[in-house]
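Taken in order, these protein sequences are the chains called A and B.
Going by the working numbering, the first sequence opens with residue 10, and the numbers climb by one from there.
Going by the working numbering, the second sequence opens with residue -7, and the numbers climb by one from there.
Hints in this document: simulated from the structure, not taken from any laboratory.
The C-beta atom is built at its ideal place from N, Cα and C for all residues, glycine as well.
Worth double-checking, as some hints may not be accurate.
Result set (SDA-like, lysine to any residue): computed pairs, CA atoms no more than 20 Å apart in a straight line [what the hints assert, rightly or not]:
1. Lys50/A / Asn14/B
2. Lys34/B / Thr87/A
3. Lys7/B / Gln29/B
4. Lys34/B / Arg121/A
5. Lys(-3)/B / Leu55/A
6. Lys49/B / Asn111/A
7. Lys(-3)/B / Gln47/A
8. Lys29/A / Leu77/A
9. Lys50/A / Arg121/A
10. Lys63/B / Val46/B
11. Lys34/B / Val12/A
12. Lys60/B / Ala37/B
13. Lys23/A / Asp74/A
14. Lys34/B / Ser99/A
15. Lys50/A / Ile4/B
16. Lys75/A / Asn60/A
17. Lys34/B / Ser18/A
18. Lys60/B / Thr20/B
19. Lys29/A / Ser118/A
20. Lys73/A / Arg92/B
21. Lys50/A / Asp76/B
22. Lys34/B / Trp19/A
23. Lys50/A / Ser57/B
24. Lys49/B / Asp23/B
25. Lys29/A / Gln51/A
26. Lys34/B / Arg33/A
27. Lys34/B / Pro49/A
28. Lys7/B / Asn104/B
29. Lys34/B / Gln69/A
30. Lys34/B / Asp76/B
31. Lys(-3)/B / Ser57/B
32. Lys75/A / Gly25/A
33. Lys50/A / Asp23/B
Some chain B residues flagged as far from chain A (calculated, every beta-carbon gap over 12 Å) [what the hints assert, rightly or not]:
34. Leu38
35. Thr88
36. Leu93
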Amino acid sequence: GAVVSQHPSWVICKSGTSVKIECRSLDFQATTMFWYRQFPKQSLMLMATSNEGSKATYEQGVEKDKFLINHASLTLSTLTVTSAHPEDSSFYICSATRAQSNYGYTFGSGTRLTVV
Amino acid sequence: QQQVKQSPQSLIVQKGGIPIINCAYENTAFDYFPWYQQFPGKGPALLIAIRPDVSEKKEGRFTISFNKSAKQFSLHIMDSQPGDSATYFCAASIGTSGSRLTFGEGTQLTVNP
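Pulled out of the complex, with its shape left as it was, chain A reads as follows (with noise of 0.2 Å):
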């Protein structure tokens, strides 16, 4: 089946310091991907929309700015968050799909940001 891969699987920064966080198709080409944060025991929250070779759309209330996303490949998003302050410290998470397929969607295994 679709394997979506999220690394890193948890890291720690400092205040005013920027992470990276890579999602990678491992065995389908994926013409989409969503980025999430999901706060403990709550729902997913859809932060922004990325197709490959496209600008990313954001939902309402997220700052492009300080969540940038790459998706320059058919198999590699990225999340980098800018200037992290505590604030911004949850679990983000990947999902890929290919559009006009049945590959459904396919998630990643998340990412525990802390920000000290």
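Given chain A, put chain B in place with the hints provided.
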């Protein structure tokens, strides 16, 4: 119109019981309804999904019941086991890929031994 409402928020059953989780949607354009299982610290994993042209789908111990006229669908877990203890999310989308998934609020299931 984009909301998917899920209930209950939490559910406790004994081993062997049949927990039922319900979801309701508003957008009649939705035509793909997956259920995801999520363990702590992990990403969601697809359990089972249904399209609106069928009223029921079974995969192993998991069954989806779908009521198109009521715009509701539910997940039944037969012979539940302690290992089924997790958070379950229903979702809906237009098409099986490409467009965004709209998630329910989640149900935390605990199966006691």
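Under the criterion that the straight-line Cα-Cα distance not exceed 20 Å, is the pair Lys50/A, Asp76/B satisfied?
-> holds, 17 Å
Would you mind confirming whether the straight-line C-alpha gap from Lys7/B to Gln29/B stays at or under 20 Å?
-> Roughly 18 Å separates the two Cα atoms, so the pair holds.
For the pair supplied as a hint, Lys34/B and Ser99/A, is the alpha-carbon distance within the 20 Å limit?
-> With Cα atoms ~13 Å apart, Lys34/B and Ser99/A stay inside 20 Å; holds.
Can the restraint linking Lys29/A and Ser118/A be considered satisfied, given a maximum Cα separation of 20 Å?
-> At roughly 15 Å apart (the allowed maximum being 20 Å), Ser118/A and Lys29/A satisfy the hint.
Could you grab the alpha-carbon distance between Lys73/A and Arg92/B and see if it respects the 20 Å cut-off?
-> holds, 18 Å
Regarding the pair Lys50/A and Arg121/A, is the alpha-carbon distance no greater than 20 Å?
-> Within the cut-off at roughly 14 Å; holds.
Pairwise hint evaluation, Thr87/A against Lys34/B, where the allowed Cα distance is 20 Å at most | holds, 18 Å
Are the Cα atoms of Lys50/A and Asp23/B separated by 20 Å or less?
-> violated, 27 Å
Within 20 Å, alpha carbon to alpha carbon, are Lys34/B and Asp76/B?
-> holds, 14 Å
Take the C-alpha atoms of Lys34/B and Ser18/A, compute the straight-line distance between them, and say whether it is at most 20 Å.
-> holds, 9 Å
Hinted pair Lys50/A and Asn14/B, Cα distance within 20 Å = holds, 18 Å
Does Lys34/B pair with Arg121/A here, judged by a C-alpha cut-off of 20 Å?
-> This hinted pair holds, its Cα atoms lying about 9 Å apart.
The structure shown violates the earlier hints numbered 12, 23, 25, 29, 33, 34, 35 and 36.
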